[in-house]
Each structure stands twice: as structure tokens, then as C-alpha cells.
Amino acid sequence: MADLRLTIDGRQVVVAQGATILEAALDAGIYIPHLCHHPDLKPVGICRLCMVEVAGRGMTLACLAPAEDGMVVKTESQQIDKVRRVALELLLVNHPGDCLTCAKNNRCQLQRIAAYVGVSPQRFARLRRTEKTLPPDDSNPFFLFDPNQCVLCGICIRTCDEIVGANAIDFAFRGFQTMVSTLSGRWVESSCVSCGECVVRCPVAALVPKRYQQPQHEVQTVCPYCGVGCTIYVGIRGGRIVAVGGDRQSPVNQGRLCVKGRFGHDFVHHPDRLTTPLVRRDGQLVPVAWDEALELVARQFDQYRGDAFAAMSSARCTNEENYLMQKLVRAVLGTNNIDHCARLCHSPSVAGLARTLGSGAMTNTIQDIAQSRCIFAIGTNTTAAHPVLALKVVEAVRRGAKLIVANPKHIDLDRHATLRLQHQPGSDVALLMGMARVIAEERLYDAEFIARRTVDFDAFRASLERFPLEFVEQATGVPRQHIVEAARMFANHKPASILYAMGITQHTHGTDNVLAISNLALLTGNLGIPGGGINPLRGQGNVQGACDMGALPNVLPGYQRVDDPQIRSKFEAVWGCTLPPGPGLALTEMFDAMLRGQIKAVYLMGENPLLSEADAQHAERALRQLDFLVVQDIFLTETARLAHVVLPAASSAEKDGTFTNTERRVQRVRKAVDPPGEAKPDWWIICQIAQRLGASGFSFSHPQEIMSEIASLTPIYGGMAYQRLEPQGLQWPCPSMDHPGTPILHTQRFATPDGKARFVPLDYKPPAELPDDEYPLLLTTDRSLYQYHTGTMTRRVEGLEVLDGQERLCINPHDAAAMQLADGQQVIVRSRRGRVMVRVKVTSSCQPGVVSLTFHFAETPTNVLTHAALDPVAKIPETKVCAVRIEPLDGPPQPGLHQQITDTTSCAGR
Amino acid sequence: MTVYIAAIPARRRERCLLRASGEGIARRFRSAALSGLPTMPYQNVLLANVGKPNSHTLAAYLASGGYSTLRKVLKEKSPQEVVEIVRASNLRGRGGAGFPTGLKWSFLPDKHPGPIYFCVNADESEPGTFVNRVQMEHDPHQVLEGTIISCYATGASRAYIYIRYEYPLCWKRMQAAIDEARAAGYLGRNILGSGFSLEVYLHRGAGAYICGEETGLIESIEGRRAWPRIKPPFPAVEGLFRKPTVVNNVETVACVKHILERGVAWFKSIGTPADPNDPRDPGSYGPKLFGISGHVNRPGCYEAPLGISCRELIERFAGGVWKGRKLKAVVPGGLSTGVITAEEIDTPMDFSGPLRVGCLGLGTGCLIVLDETYSMVDFLYNSCRFFAHESCGQCTPCREGTHWALQMLRRIKAGRGRIKDLDLLLEIGDTIGILPGTTICGLADGAAWPIKTAIRKFRQEFEDYIKHTNVAGWMETQPVPALEQSAVAH
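Protein chains in written order, with our numbering: chain H, 13 to 922; chain R, 550 to 1039.
Pulled out of the complex, with its shape left as it was, chain H reads as follows (with noise of 0.2 Å):
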């Protein structure tokens, strides 16, 4: 569509159709004064500051009007400097005047609009009223809310609204008493899920952070904790990360943060960061030099060469490091035993969506899903897991989008969904082929699609038999009609998109899984089109990266295969070495190596499998068996405890290097601030270690120059080079320096050799474990919003402790009724593999039967209970179901319960 072309103030200004007068003035640089408009939110006209004059129309509100061609605007006349002088008069005569000591000074709207006004002090002196004298409201750990300076413009209401759909606040009251209040009036008990995304946009000092100092510069960079990745500017002052805030450029998270992301940044200055390495001496961690740790650990993995050696890499380091780590591993220790978290989250994943569609990651972007008609969340608790992501789910609803959330909880994106489906937990392929099946039957599939661009289809077709729908609603305890209707939904709005996470790979059949989402997406031809897709939601910051770095036993960095001559050929060429041909043990196999004796080396990069392993106290014993265990990371972990060396290492705003986010969406982070005493960056610690083994090829002397090697040997990176990652970052596949990037996989042929995707033929498989007799109750494992992962960084956030600090073991009022437990009441929960002692939530977000904790404490260590079942593809343990007890406890709470898992070993180097 045409521009439109208007006059403001003489001034002719060009904006889009459907912009507001406002918004071509803004754009143009004329200032208008406004207090109640966002750029971000609907217009709602309430504050009344913005008037103009349209010739031949008279007085209208810029905010509301929209910019019409040919229309002539003037922001200023007599009249309305009058109408608007009364208004603001009125709006300062009950707000504070102290604006030198308030927290927005110089950065307030009302401040601004108040200089470029001019206000009459004697007019104002007679007006004065200084009579609103309410409680301010400090409950939320990270913000204020100060009733008194609110000019109750509704931003941060209509933000809670519109764009996070908390809903935690509204207005009260009436008239002049009105205020901004949520529904019990602390915020800290409301829904609020403290992500502040109302503190930053408030114009005036109502909801200011605590803490809040100006920083001296920013520093853009990515947010270290989930896989969305959302860009960020680190506010850094006097050496120390002082503010956080999104960056509104960035195609990630347009300037959107969670609590985590947005607040969650004191561990990096926290006291007990690791400053310099630690080595075992006469049973104690003692405080070393760098060089004397580094020659020890040299000389201990030169005697542990080959499948002895093996090592864990992290999904929170970058892409850069990781890529070092696995060619240390296979280039220099020649093995092939290189593993990371990923094989606990999204190795399913990558299996399964390798084989039907040739490549395991999310097909489209996160702003594609807002554009979806249907959004299909299972297995994702998003709202806790993946937040930033979230508000794209919530914008699609928003915009007319069903959505439809199978989960065996109640979760709180249930709010927003369309269809809810309960289903028992493990029971996912029945519920995802029942689906395929009532598709099937009514023809709703896309034909054409599927003889163009899939194979096997009637294979598939035909297993749908073993699926007849009285057997699925038994199977996932899901009414029929909801089966039906969900398949419906899901078939006849189109794009459609599928979310997934933990929920569907963490099963011994994660795989199938899986298989049973490509299946249905490949049945309603939602492949390679926007606003549809198979959206894994990867975990961990860069566990996209970590994969693609080839930190697997299985294949070298870009998914190419270690048993493919061609490729080792290749590297072995760029790299100076032989490389192992067979792929190396799974990350879950190696405990059991481990165990065996066949392991007796590990060089463990920031991981902390003793509370992240299913069946923890197994990983346990491993470890403790091991003839030398290095462990590199920020913080003395769990594990960290157990280690012969610990190396300390620098956090994510330390260092410079690149993320890969859940959409493949490679992004640069950088340097902010000095890592604390002698902590360094991992990249230089493999290095180091890696020249001291006598290796060549490790002369780094700054991440850029890896890349620029990642590039030359992975085909999907060929086109990364740092300066191309300005300043919003390339999705892989980008083969060459010239090419944009692949936002959406498969829109033309899939990445198998005969460029068509397959169905797979299914079947039923129970989970491992299930609840009987003995062990009568389920229990599956599911995330806090305020925590991350095993806690390492989060627990180190007061804030964070603050809103949530405490292991809870959900559990359905039926049966806490049935067992006698009151809310609040300590409990051992006991499976066949160990106990924790925990306090019981009653809460009907469980169903009945099914009892349910986070991983992120290590005063209770869940995963001493989980089942360490594998999924025979992937290898991925069972972590979402097994069976367990309840025992009551009374009295006090007995220290020393968790058997050896929180053992302390004292430490000199704290």
C-alpha cells in the first residue's frame, strides 16, 4: 500500500498506512506530548495529553487518529496548550515533586512533558495537593510498585495484558481513588510472573527495579540461561553488571525478557564464583596456580588416552568452546566419548526428526509461530520453560490462533488454550496417532502433500489400525471427543505448528514419540510453510550449538558422521590426526563404563550430572570411582565436589564467542565484564590443556579464529563469520559467506538423500515404570519459571530464592486427602532407586495419581528417584516417569536424609 503523505507543523511527513497521526509524528521527530501511548500496546486514548488540530476537524487525540493523506496537523494553538496545561496541571498537582531524589529522574515521561509545558508556578502552587499517601508495595523481590507516583496511564496493565498475558494486574477502585492493583493487592501473591516487562515500560517511578543505578555502557549480548536466546544489553558500571534490558531490535525476543533473563544476572558477581583452580590434596581442594593445575591435568589425560578418556561438554558454553572441546576429545585424546546434556533433553529429537526429515532441530522461527492458526503445544510447559517464547503462543491466541495444550499437568498457558488435553503421562504416541487416526478416517490430510513430498505413507496408514480410539482414550485418559476434536482443530487450521519439549522426549519411547509428531505433522502437510513447523524447544542456552559442534559421540561438528571415512578423511586432514572410527558412548552409557572400570578419566565442562543424571546416586558412584575427574566451571557445583581438579572458568558475559538458539539462530556473545580473579575463559583452558598434550592446532587467541575454522569444516556453518553476525544473528543452513541464512528448513526438499520425508509405522509403548502396589504414585518432573536447570546460577539469585526457592512436591487433593497430607507437610518421597525428603503442595494442576517435582534443588535431589531406563534410539533415560511413595514424616526435618548426595567435601579454595 501507498505511503501516506501529511503535514505536521509545516513539516511534511511520510508514514505507512494505518499509522496514527502520533506515530507519523514521533517517527518524523515531532514531539508530542503522551503519557498513556506504547509503541508495543493498543492505543487507548486515556491520558488526553496528546492533542492537535486537524484543519477542518478541530481538537483530536494524535494517539487514536489515525493519519489520514493530505491531512494538515498542528500540535500547537492556543487552545490546545490550554486543554492540555489543565490536564497535566491536574495530573502534577497529586504527584510527588521530588523529582531529584526519584528513581526516574531524567528519564521520566511526566518530567518531559511537564519542561516542554511549562508549568506556571503560581497556578501550580495554589493546585497543589500532596494528598495521595498509599503504602508502597515492595513484595516483588526485583521491582517497586509506588501507587503514589502512578498517572495510572495503563501501560503496565494493558502490557500485562496484551503482550505477557499474566494478567496479574488491573485497575481498582474509581474515580480518583482509582489505582493499579493486582487481585489481593500484593503483587508478590498475584500472578505476576515478574518478568518486568511493566517496570520498562513505565513512564513514571510507580514500578521501578530495586537496585537500579545507570549504567556506564551496554554491552549487547545474549541472555545466558534458556535455548530461546533472547538478545540482551548488559548495563555494566564500575566493572559490575548493574542492568539488564531486551534488545527491541532483535528478531528473538523484539526487547521481551523473563524474570530470569531480566533479573537474574547477580550470580556472575556472586562470592562463590570459582577465582583460581582447585587441586586434591590429602583428600582437600587446595588453591593452585594455573600452570601447576594444568600441567597435572596434561599429564593425568596423557595417561588415559583413547576410550579410558571421556568427556562431557556443556550447552552453556558456546559454540566455539564446544567445537574445541569435542576435536581435544577426538583429535588429541582419540576417543570418541564426548557427550552433553543434550543427550538428556533433545537427543530424541535429533534422532528422530534426523530420520524422518534428515535434520533434528525447530523447522521454523519464533516469530513464525504468532503467525500460526493453530498452535499444538505438548510435552512444554512453556510459559515456565521457554517464557519469551511463550508471548509468541500468547500472540497467536491473541490474534484468533487455537491452541491446543496436551500436558499431563495443568500448566498456565491452559489459560489461553482453546482445548486442554490431560493426558497421562507416557501415553503421548497413543494420543498423537489417535490423532493421526481421526485424521486419517475423515480425510483430512493433505493428499497432495503427501504423494509430492513423503514416503511410507501407506505403511503408516496402516499402523494406525493398532491405534482404534476406545484403545487411546484408555491408554491416555483423554475423552474421545477431545481426541477428535483436537485432531480436527489441528487438520483444518492451517499453518499449523507443533511445540514440543521434555514432556515428549524424556520417555524410554522418546523417540517414537517424536516419530509420532512428525507423523502428524507431515499427515497435515505443515512442513517448510510459515506459521507451521515442528518446533522442538531446546533447553539449555546453546544446546542447539553444543549439538551442532558435534559434542555427541556419534558425529562430528554438523551432524556429519564419524563412520563415514569421507568425513573423518577430511578432518583428519584439516585437523593433523587419526580419528577413532566407531561412534563413541552416550553420556548415559558412560556412567555404566564408568562403573565397569572401562572409563577412568572424565574432563567434565560445565555440567552437574549429579543432579541432572536419572538415578543420581548411580552417577554418583561412578564418579567416585573414577582415577581422575576434572570438572571446569563458574561455581563449585555437586559434582564440581568430587573432582581430583577443578578448573574455574569464566561465566557467559565474560567472554566473547557465539550461542546457537532453538532456531538454529547463531548469535554473537560478547565480553561485558572481567571474569573474577583467575577465572578463565574455556576456550583458552582447552587450549592450554591441549598444547601442554603436545597438540598442534589450538593456537587460538580470540574465539573469531575458531569460527572461521568451524566454518571452513561444517557445510551448515560455512557461512559464519563474526562480522556476518551483526547484529541479529544467521540461522543455519548458511553454507557460504554470500548466503542469508535458512529461517524455515524444508520448504523445497527435505535433508534426506532422496529429499522426501518418511511416516514411520508406530506402536504402543508403556512407560518403564509404572506405579504399583508398592510404589502406588507417579512421579514426572517439570520446571520452575524462577529456576534453571540443576540451580548452579539461578539458586545464586536472592530474588530468585525470594519467589521460588523451595522444592514442592505437587500432588492432587484426592490423594492427599486420601493419604492424610496437609500443605506445607514435610514427606520422604521414596522410589526403588533412593529418597528425598520434600514439603507437599496440594494443588490440582497434578491429576490424580500423579505426583510431580523440579530438578532445580539440590537439597532435594529429585533424579535420586527418577528411573535411568534408556530410550534405545537416543539413549535418553526416562526422567518423566517412575513410581514412587509417599511416607509421611514427622517432627523436624532430619539432616543427612539424602544419603551421600549433598555430601560436602571441605574446600580451601572458597
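In short, the hints are calculated from the structure, not lab data. Just so it is clear, the structure is predicted and the values come from calculations on it, not from any experiment. No false leads were mixed into what you were given.
For lysine-lysine, the following DSSO-like pairs were computed, each having C-alpha atoms within a straight-line distance of at most 27 Å: (1) H:Lys-421 with H:Lys-853; (2) R:Lys-624 with R:Lys-817; (3) R:Lys-780 with R:Lys-660; (4) H:Lys-54 with R:Lys-792; (5) R:Lys-780 with H:Lys-94; (6) H:Lys-86 with R:Lys-780; (7) H:Lys-414 with R:Lys-792; (8) H:Lys-94 with R:Lys-969; (9) R:Lys-1006 with R:Lys-872; (10) H:Lys-768 with H:Lys-506; (11) R:Lys-780 with H:Lys-54; (12) R:Lys-621 with R:Lys-817; (13) R:Lys-624 with R:Lys-660; (14) H:Lys-94 with R:Lys-1006; (15) H:Lys-506 with H:Lys-414; (16) R:Lys-621 with R:Lys-660; (17) H:Lys-86 with H:Lys-54; (18) R:Lys-875 with R:Lys-962; (19) R:Lys-780 with R:Lys-792; (20) R:Lys-626 with R:Lys-792; (21) R:Lys-721 with R:Lys-601.
Position chain R against the provided structure of chain H, taking the given hints into account.
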């Protein structure tokens, strides 16, 4: 909630608290309407059944020929014809703004797939106004019949009658009337075999004046805060549940029934004809209910042709000012219309009459009469108190302005006023409201009009009061610097 609109005259024993809902006054209409008034050439139409025994029941209504109009209309007229008749009658909305009803109906989109909603505004909260209450309590079927005909005309399949919380008897009787009508086949599916179906629901307010604003009413029915919506889109395009909606006053729908019963010629024979010099004046036709309260001998609800003079209403209908006192001021049509002085009481009570004497308009046609002992400072204080209490809090000028005006009046009453405060009050009065464009709805105008008219017309009294109570304050007579002088620097 009770709102005192006029209080504390000079002598304590004569203190008279009038309730906004007209409680106590409505009950008197009967004696006023039926007892010994001089015979009038005008025959009551809207109040014809009022005062008859059990007038609120279906049996009584049918006995007086009720629902025959509906039967006739459903049989003989198409919806378009009904709209045409109402449009030809120049019926103007009785709720206050006087917008032509037929025109409002014609804004509904053509051939809309539906649903279309019809809302009857029975949130009669304007201080001094109680005529809808009389209609709903004593002749609910008349209101219902008008509603059904209006819905038939507009194609609405659902109607909501929004009754203010403070009208429990209206609620009870309207509900009983709906139940009776439904049982008798005047409501529900396929009414009287015509194929037209309608459900009528009562929606009870919770005590907020703003719910009488049409979009506030819509928001309230939807279950939200009654914050008036920004217009456009107007309700006829996007109203209740985002569907086309008509909102009409109780008295308006009752008039619709009588227009269909007696014809356009009859309706246009009553009232003030259109001003031939003003092409935009649709005239003020038809009967009107006038509620008269305050310092009169016979307060009550009276029916008279539009255009009757204010003086006639007070002197002939309400029996003149009480206790032999002189008249001081009259609020012509609900508090938000402002005041007229004793000199101006020959003003005709039609849609344009009060405008000519500086008031907002006819408003609801409910007069509040103030006698000579009454302090205008008290009047304005009570007025400001009401509007500050009822401001919804959405638009800055209204939220802050009404409260500020109240504070200022409080100061003046407490003996701390200054002459120039009156100018500040006038400035606030001139700058808040929908007419200068600073608010979304008309509540702030309603608040501003009493301020503007009372201070302009009774300035001497206000000044005397300030001089009398604040010896130091009245010396500060230097006017506030004019805006022209502190001119725009930019």
C-alpha cells in the same frame, strides 16, 4: 448508594435531603397526578395506566388494551416499516442527549448475519431523575411492549434491560413482567406466531453512575469495568460482545409503542415543531415525563407535552415553591445540565430550550427546584461531590478534575476560599469534558456544567460567601494570569 444532591438550607429544621433516585417522591405522583389538579387539555399517555390497581400485572395491562399494538405490528408491519414510522415521527431519545431514535436504528449495518443486541438503559442514575422508575414499577409491560417492538424493528434477537442496583422494586416487577409475558407468548420463540423470536434479560447494575453511559453500560453487561469505550466505532457497528447494538432509554421504547399505536401524526401534534431556520433541528415532538423534586409543594412525576415552560411545570403541576418562598434556581434536566435562574424559568422545556439559557440541554427532563434560602455554594459542593464520586477514573482530566473541583469547593465551604479560585474552577469547567475533547465520555461535561452555570449565574453569591467566610482570602482579588500571557513558548 444514596446521593444527596441538595442539602443544608439556612435553617436546620428545614434541612431537606433529596435522594438522587427520587425515593419518597415517586410515591407521590399518584396523588399529584390524580387528585384535584385543574383539568388539562392534555391526556396522559405514558402514565395512563399508572395509579390503576395492580397496574404492573399482565391482566391489568391487557385490560387496558396492552400488547394489542405488538400484535398489530407483528402482523401488519415489516421491521423496515417500523423503523420508517419511528424515523418519520422524529422521536428523540429521552435519556438525555436527545439523539433521533430512528436515525440511531438506521446506523445498524444492513443484512448483518447477527446477532444484533438491544439494550434498554434503565440505569437511571442522574441526580433528581426518577421517571423511568415510575414506568418500570407501575407499568412494566408498557416498557416491555415497547422493547419488543423496538427489537422487532432493529432485528435484535436479544435484549438486555440494564436496571440500576438501587431499584429493587423495578427489578422485581420487570422480572415478573418478563416471566408473565414469556408465559403468555409475547416473548420467547416465534412470538404470536410471527416467526420473530426474542429473549429479554434483566441485568442489574452494582451502583455506578457511569453504567448509564451507553458504552459503559455495554462494558458492564460484558462483565468488565464500566469504562466507556472510545467512539468510533459506535455501538451500532460494534457494541455488546462486539456486535451491532442499540441502546435506548426506557421512556424512548415506551414512546415507540405509542407511536406505533397512535401514529406519527398524533405524535407530531404534541410538542415543539422543528425550527425552520435550523435545518439540523429535528424538533421536539411527543409527550415527556417530567420529574419534579426539591422545594415544591407537590414533587412528583408528571406527563406533559415537550415544550411546556419550566414555570408551568413548577407552578401548575408541582404546586409552586413551598412555604410561600421565592424561587432561586432550577436544575432543568438532571444535575449535569446546570442551573437556570428564577428569571429564566419561562424557558420552554424542549430539547433546545435549556440550551438557549446556557445549560447543557433538556437532559432527562427532571427538575430540581431550589428556593431562595438555598446556598448555591452548597449546591455546587454537592454536585461536585457526586461527580467526583462517580468519575470512572479513566481519563486524566475527569479523574483529577472532578476531584480537584470537589477539594476546591470543600476549601471554599470551610472558609478558605479566594475569589480567584472561582476563576480556576471556571477554567477547569471549561477544559474538562467531551466538548473540548478532553474526555472519552460526557461525565466530565456533566460535572462541568453545574460549575460553569452556577458560578457564572450566581457569581455574586459565591463572592459574598468567600468574603463573608474568608476575610483574608477575598482580598486576593488579582485574577489568575491569563493563559494568553503565559503563552506557548514553542
